[in-house]
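A.B. asks: For reference, the chains in residue letters:
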Amino acid sequence: MKKQLKFILPIIIPLIILLLPASSFGIEGLTFVEQRVIAIFVMATLCWVLEPIPIYATSVLIIVLELLIISDKGLWFTKVDSPELGHLISHKTIMGTFASPIIMLFLGGFFLAMAATKYRLDVNLARVLLKPFGQNPKYVMLGLMIITAVFSMFMSNTATTAMMLSILTPVLALFSKDDLGKVAFALSVPVAANIGGIGTPIGTPPNAVALKYLVDENNISFGAWMVFGVPFVVVMLFIAWLLLTTLFPATTKQINLNIKGRFLKTPKAIIVYITFIVTILLWLMGGWHGMNAYVVAMIPVAVFSMFKIITKEDLKRISWDVLWLVSGGIALGVALDKSGLAKNAIDAIPFATLHPLLLIVGASVLCLLMANFMSHTATANLLLPLVAALGASMHSLLPYGGEVVLILAVTFAASLGMSLPISTPPNALAYASGHVQTKQMAKVGVVLGIIGLLITYAMLYLLNQISFL
Amino acid sequence: MEKINIICVDDEREVLDSVVRDLDYFSDVFNIEECESAIECLELLEELDANQEHVALLISDHVMPEKSGVELLTEVELDPRFLGTKKLLLTGLATQADTIKAINNAKLDNFLEKVWDPDELLQTVKELVTEYIVERGLDYQDYIDKLDAPTLYRLLK
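Chains as they are written, first to last, in the numbering used here: chain U, 1 to 469; chain Z, 1 to 157.
Hints may contain errors.
Unchecked claim - Heads up, simulated DSS-like pairs for lysine-lysine below, C-alpha to C-alpha not over 25 angstroms straight-line: (1) Z:K157 to U:K316; (2) Z:K146 to Z:K101; (3) U:K260 to Z:K67; (4) Z:K107 to Z:K126; (5) U:K118 to Z:K3; (6) Z:K146 to U:K260; (7) Z:K146 to U:K312.
Claimed, not checked - The following label-pair restraints were derived from C-beta to C-beta distances: (8) U:P267 to Z:D145: 52 to 62 angstroms; (9) Z:D79 to U:K265: 49 to 59 angstroms; (10) U:I270 to Z:N31: 51 to 61 angstroms; (11) U:I13 to Z:A50: 54 to 64 angstroms; (12) Z:E120 to U:L5: 51 to 61 angstroms; (13) Z:A50 to U:L129: 42 to 52 angstroms; (14) U:I270 to Z:E43: 17 to 27 angstroms; (15) U:K265 to Z:P118: 48 to 58 angstroms; (16) U:T169 to Z:I144: 35 to 45 angstroms.
Claimed, not checked - Going by beta-carbon spacing under 10 angstroms, a handful of chain U positions derived as facing chain Z: (17) V123; (18) R127; (19) F263; (20) K268; (21) A269; (22) E313.
These are computed hints drawn from the structure, not numbers from a lab. Using N, Cα and C, we set each Cβ at its ideal position, and we do this for glycine too.
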């Protein structure tokens, strides 16, 4: 029964919502389109939480349902003119979410990451950068964590974790059976990857989803994001390192990471190195050349395709599922906003009486909790449109930094959910190594989640004090 | 067109020459490399890898001084840089223990006995190289003359 419930609920509950009379929602002047958006939103929530279908499939379903029942080219009976119909959304806008600039930014990131892996820039950099950390397990771990975090700022957290764990596995096999150091090492990689993703807009999909809501006067450039993102990553990494080395001290005195290979010097490899450096520089110097991060992201796509660095076959291996997952989130936000539901609903609920700090803390804690049990991106997809609408309407938030602070707090919280093997793919990979117990992962994840939130609040307070945002 | 290599390893010069002669059919499309020891082969692999050339197939004798063929093939099997490289052991002097190791650790793709039938060797190499090219996602049309058609159809399906 329990098994069937996860299929039945996402169908039944949205259907009930569709069939209820409009007056039963307590929102004055609720239109048919808005009611349908509520149904889609509830379906998306149930599908992402219960996972009857893959999470990216839920995203596609959102977009297709929006096209069918709330677009200007949808099914005939959904468009019957009546005073209560509301605003139908342009089908081009909904389909456009598949190619929104945010998706293109990520595609550019994917191209960089794929080329770096293919031409082994990642492994070779890891080899060179690990050398100065010597052979003392404590410092080797610090080195591993720093490198993992830096890579996961530009590559997917999962790919970075897989690469670093493949370097680490042969070494872990040499540890004695009851050496706690093994636990520390196996955990250090996913922890660093999860934290590192926070550092740049392309580090992890929730950041991209946040960019969708950071527009106009709230716009944050690539470089500006790194100005606060990177110090946050540094502080969190240091705390994580201290935590891991105290909780799980290694008894082994010396470890030796042996990474084979040398830097490739073929013309193609050199093109990869140059493109990589130039793209990152262009991202950081957004103000100077007039191109924003989205436009810059298209440069590596063109260069790598031209020089056959990313071939036809490589193209098929791009994580389209991740891109679609984000698209669905954007489409959900578009529907809430363009149908007018977001504004109507917030007017109807007396949020204004709520203390703004309570809202910031409440929303980010809810996000952290959800992110521990479901996909970070799906969490961000669900919470950010709501939070953005709320933030825009609450004037009492302004003294605390306004909408931006609320959005960033929730975005950071989404990346801090890492206490269970199911929390993130990097956690699942580390758990699969067999060196870590769920209890140990939970201990580290919970502590880092709470500390992370506190540091996020402190950072946002500081940024607001110096009026950076 | 990507450069694709086939490496032959045998410590006896005459045997090596005769393998290479049998593979002459491929020499206008693929690069046939000769090594007289496992050590020499490992050095060559480093060099080819640095130039980002493909190693489609490694044909090795087993009994050689310093490092045996099975040891060489196991090392290649475990090196992530040569993921997908096909391995053929060509030997008359492998004990059952060696053979077990070769299958379990080196994950051999094929085993031929000395003295070999040149046609059989040619056909085997054809099939293995076809598998490598399709599995690595290389453009098979560039090499189609020298590939094994049935294998190609099976893998492309």
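A.B. asks: Each hint should be assessed against the structure and marked as holding or not.
C.D. replies: Outcome of the hint check:
no.: 1; hint: Z:K157 to U:K316; result: 16 angstroms, holds
no.: 2; hint: Z:K146 to Z:K101; result: 32 angstroms, violated
no.: 3; hint: U:K260 to Z:K67; result: 19 angstroms, holds
no.: 4; hint: Z:K107 to Z:K126; result: 19 angstroms, holds
no.: 5; hint: U:K118 to Z:K3; result: 16 angstroms, holds
no.: 6; hint: Z:K146 to U:K260; result: 33 angstroms, violated
no.: 7; hint: Z:K146 to U:K312; result: 22 angstroms, holds
no.: 8; hint: U:P267 to Z:D145: 52 to 62 angstroms; result: 27 angstroms, violated
no.: 9; hint: Z:D79 to U:K265: 49 to 59 angstroms; result: 20 angstroms, violated
no.: 10; hint: U:I270 to Z:N31: 51 to 61 angstroms; result: 23 angstroms, violated
no.: 11; hint: U:I13 to Z:A50: 54 to 64 angstroms; result: 59 angstroms, holds
no.: 12; hint: Z:E120 to U:L5: 51 to 61 angstroms; result: 60 angstroms, holds
no.: 13; hint: Z:A50 to U:L129: 42 to 52 angstroms; result: 20 angstroms, violated
no.: 14; hint: U:I270 to Z:E43: 17 to 27 angstroms; result: 24 angstroms, holds
no.: 15; hint: U:K265 to Z:P118: 48 to 58 angstroms; result: 39 angstroms, violated
no.: 16; hint: U:T169 to Z:I144: 35 to 45 angstroms; result: 39 angstroms, holds
no.: 17; hint: V123; result: 9 angstroms, holds
no.: 18; hint: R127; result: 13 angstroms, violated
no.: 19; hint: F263; result: 9 angstroms, holds
no.: 20; hint: K268; result: 7 angstroms, holds
no.: 21; hint: A269; result: 7 angstroms, holds
no.: 22; hint: E313; result: 3 angstroms, holds
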